[in-house]
Structure formats: C-alpha cells, structure tokens
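> Single-letter residue listing:
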Amino acid sequence: MAANLQQQRIINEQLRREANVPRIQVSQACQLMMKYMLEHESEDCLLNGFSSQKVNPFREKNSCSIL
Amino acid sequence: MADCAPTPNASDKMASLLKEAENLKIKLEEERAKLNDINLWTVAERLEPIAFVNIKPRKVLKGHQAKVLCTDWSPDKRHIISSSQDGRLIIWDAFTTNKEHFITMPTTWIMACAYSPSGNFVACGGLDNKVTVYPITSDDEMAAKKRTVGTHTSYMSCCIYPNSDQQILTGSGDSTCALWDVESGQLLQSFHGHSGDVMAIDLAPNETGNTFVSGSCDRMAFIWDMRSGHVVQSFEGHQSDVNTVKFHPSGDAIATGSDDSSCRLFDMRADREVAVFAKESIIFGINSVDFSVSGRLLFAGYNDYTVNLWDTLKSERICLLYGHENKVSCVQVSPDGTALSTGSWDYTIRVWA
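The listed protein sequences correspond, in order, to chains A and B.
Quick note on the working numbering: the first sequence kicks off at 1 and runs consecutively.
Quick note on the working numbering: the second sequence kicks off at 1 and runs consecutively.
Treat the hints with care, as some may be off.
[As the list claims (entries may be wrong)] Calculated pairs, DSS-like style, for lysine-lysine (alpha carbon to alpha carbon, straight line, at most 27 Å):
(1) Lys145(B) to Lys99(B)
(2) Lys35(A) to Lys34(B)
(3) Lys35(A) to Lys314(B)
(4) Lys77(B) to Lys54(A)
(5) Lys25(B) to Lys13(B)
It is worth saying that the hints were derived from the structure and are not from the lab.
So here's chain A without its partners, still in its complex pose (with noise of 0.2 Å):
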C-alpha cells in the first residue's frame, strides 16, 4: 500500500506538471509547423531530388565503358 501510495504521488506530481504546460492553438502550432518545412524545402534531397544524378553518391556507376 505504502508502495502504491508513493507511485500514485509522483503520477499525480507529473499530471499537475502536465496540467501547467504552455499551450498555444493548434492553428498557430501548424502554421509555424508549415513554415518551416516551407522554408528548408529547397534542402530537401528527398523530397526533389538532386540537381543532376551525378551528385548523387548512391546512383549506380556505369558499367560499360568504351575502350
């Protein structure tokens, strides 16, 4: 019982921290959250690809060459 009592004290020690969060409308979190994938879009080698596939270290190198 002591043992539950003690556990059930820090559950209700990090609900009253939790209870204190600053929150800000979900609106504004997407919007910012927007902006900055917006903003580092360009970065985004995934996303667009690369310049020219001879940048890509990954591509496959080719195999055949004329002699």
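Chain B: place on chain A using the hints.
Below, chain B alone, put in the same frame as chain A:
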C-alpha cells in the same frame, strides 16, 4: 485522549490522490480541447500536393545471416552500422556496399546499435540486457577494447548518444530509460514512468540536447527532461504498442508508429495530436519512422514488407517503396538527407536515393 483527531489512513490518502489525478486528467483534456480549433491538413489544404518523388533503390547490402534489427548512419554520411538477430554487427560502406568491419557479440538479437557523435565508437545491445561500446579500429582491437557501460533488468531495445561520446541513453524492456556515463559505467539518471516495455527513443534536435522522447508498449509517448528525470509531456492516442518515435526536424513535434497500423504527429506546443497517417487498406503495424530533412516527408517501415511515404502536412500517402521480402524493421534518413536506409527481416539493408 490526547490525540482524538482521526489521522487519515493510507486508503483515504490513496482515494484523495486518485480523485485528484482524475480531476487533473479532465482538466488536461479540457485545456487541450479548447485550443483544438483546426487540424493540420486543413491548414495545409491550399498547399500544392507533392506530385512526384524520385526515390529509387540504389544499393542492397547483403551479409547478415538473420533478421536485421537496427541500423545507424555514421556522421560521415557514408558508412552504416547494422545489428542483427545473428549476433553480429557489420559496418558497411554504403557507397560501395563493401563490408569494412564485423563484430561478433556473445548474444543473439542485437536490437540496437548507434554511432557516437565522433563516429569513432559504436554502442549496441539487445537480449543481453547490456549496452556495450566498441571502438572502431581494427577487428582484433575492437573485440579486445569493448566496454560494458550499463545493464538493464530486461532487454535493451534502443540506444543513442545524446550529447557526446561520453554518455549513452538507453531504453529497455524493463520499462525504463537510463542515462549512462561511458567512462565509469555509472548510472547518471534513470527515467521511470512507462508501464510497458520501452521500444524507442529519440533526441530533440534543437537546443542543448536535454530533451528526449520515448515510445512504449503502454501505448504512450513521453517527452522527458534529461536533467530532472521527469516526464514533461505525455501523448496518447495509439490503440496498441508504440514501436517507434522520432522528432520532427523543427524539434516542435514528434512522429510515432504503432502496431495499430497508424502513424501520428503530436505537436509539443499545442500539446496534442495534430495528424494521423492511416488508411483503411493499411492493416499492418509500423516498426520504424523517420523524416526527410525538411520534415515534409515521413517514411514508415511496415510489417507488410513496404515502406510508405507520407506527406506530413496533408496526411496523404505519396507512394510505396517495394523491395524488401520481409518485415521492414528500421528506416533512417542519412545525416545530410540525401538517402534513406531500410533494414529488414529479409536479412538485407537497402539504400534509396
């Protein structure tokens, strides 16, 4: 009768604590609901959809003799370490697919592996309940110079280096996370709160690196303060085990993946779920998620052998990556965001770019 005031007994105390907890939960839900004016895909509605993503399979890394359980990109953006059910770690050159190092551990099911920030060490562990550090040098020296840093009372499911080569953060089947000092093996902080196995952890990308997130079989994701050891925020919504958690590159949101066959996005500033990534046709669980560098793409590895690409803003699936012949256990975008690695129970690792 000197003392006639009845001292409240333990069960009364318990009852009042439970009542308080109940009220706090209701208050929390009310506060969160108050600010829930719109969802993410409505905000992003006018945005152009992502029409086409040119991501192709580039490399197949073959060498493990059993399920690949975890992979990690080196800070050099070129090497990958992988750990497997076969009890081995392999360090790969992802450009050439060459195997540069083998480490054989005295255990099977190495469920986690991680490069140190300098790229000179790897931490790993699994069913042995331990986190072990190897220096990356010659093969003989690696085995000789290994160091056991910490021990849990159940399997170690995940590990990361939070700030430097000097500390390791681990998550375990014993439902705790722990921060260890590498040099002394001392337990610096333990993190109690989950009521189920901890499956995944991730470090906040911004600020001083004192915040991390954990996902657990108790269906919850917790945000922790590493210094105090306290839970700062908790997120629920999943109907089953949370297998994977990842910070959005902005540091203001986390993505989760679950056995309930959905991924979710929780915004920390709004303190709630803002998007769900699911379809009726998707009935398999997710083992691993990661974001592209802008955070616009969310990659998720599924039990149906596929990797799904989601548009984070519109909650729409863009495409599927086919190739693996068994469950996809791990997905990770390379540090510079040029490539995606995926590991699978089909014994292989694939690199997409």
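> Under the criterion that the straight-line Cα-Cα distance not exceed 27 Å, is the pair lysine 35(A), lysine 34(B) satisfied?
holds (23 Å)
> Is lysine 77(B) close enough to lysine 54(A), meaning Cα to Cα at most 27 Å?
Judged against 27 Å, a Cα distance of about 17 Å means the pair holds.
> Could you grab the alpha-carbon distance between lysine 145(B) and lysine 99(B) and see if it respects the 27 Å cut-off?
holds (21 Å)
> Lysine 25(B) and lysine 13(B) were given as a pair; does the straight-line alpha-carbon distance stay at or below 27 Å?
Between lysine 25(B) and lysine 13(B) the Cα gap is close to 18 Å, so the pair holds against 27 Å.
> Straight-line Cα separation of lysine 35(A) and lysine 314(B) no greater than 27 Å?
Measuring from Cα to Cα gives roughly 14 Å; hence the hint holds.
Of the hints listed earlier, there is not a single one the structure fails to meet.
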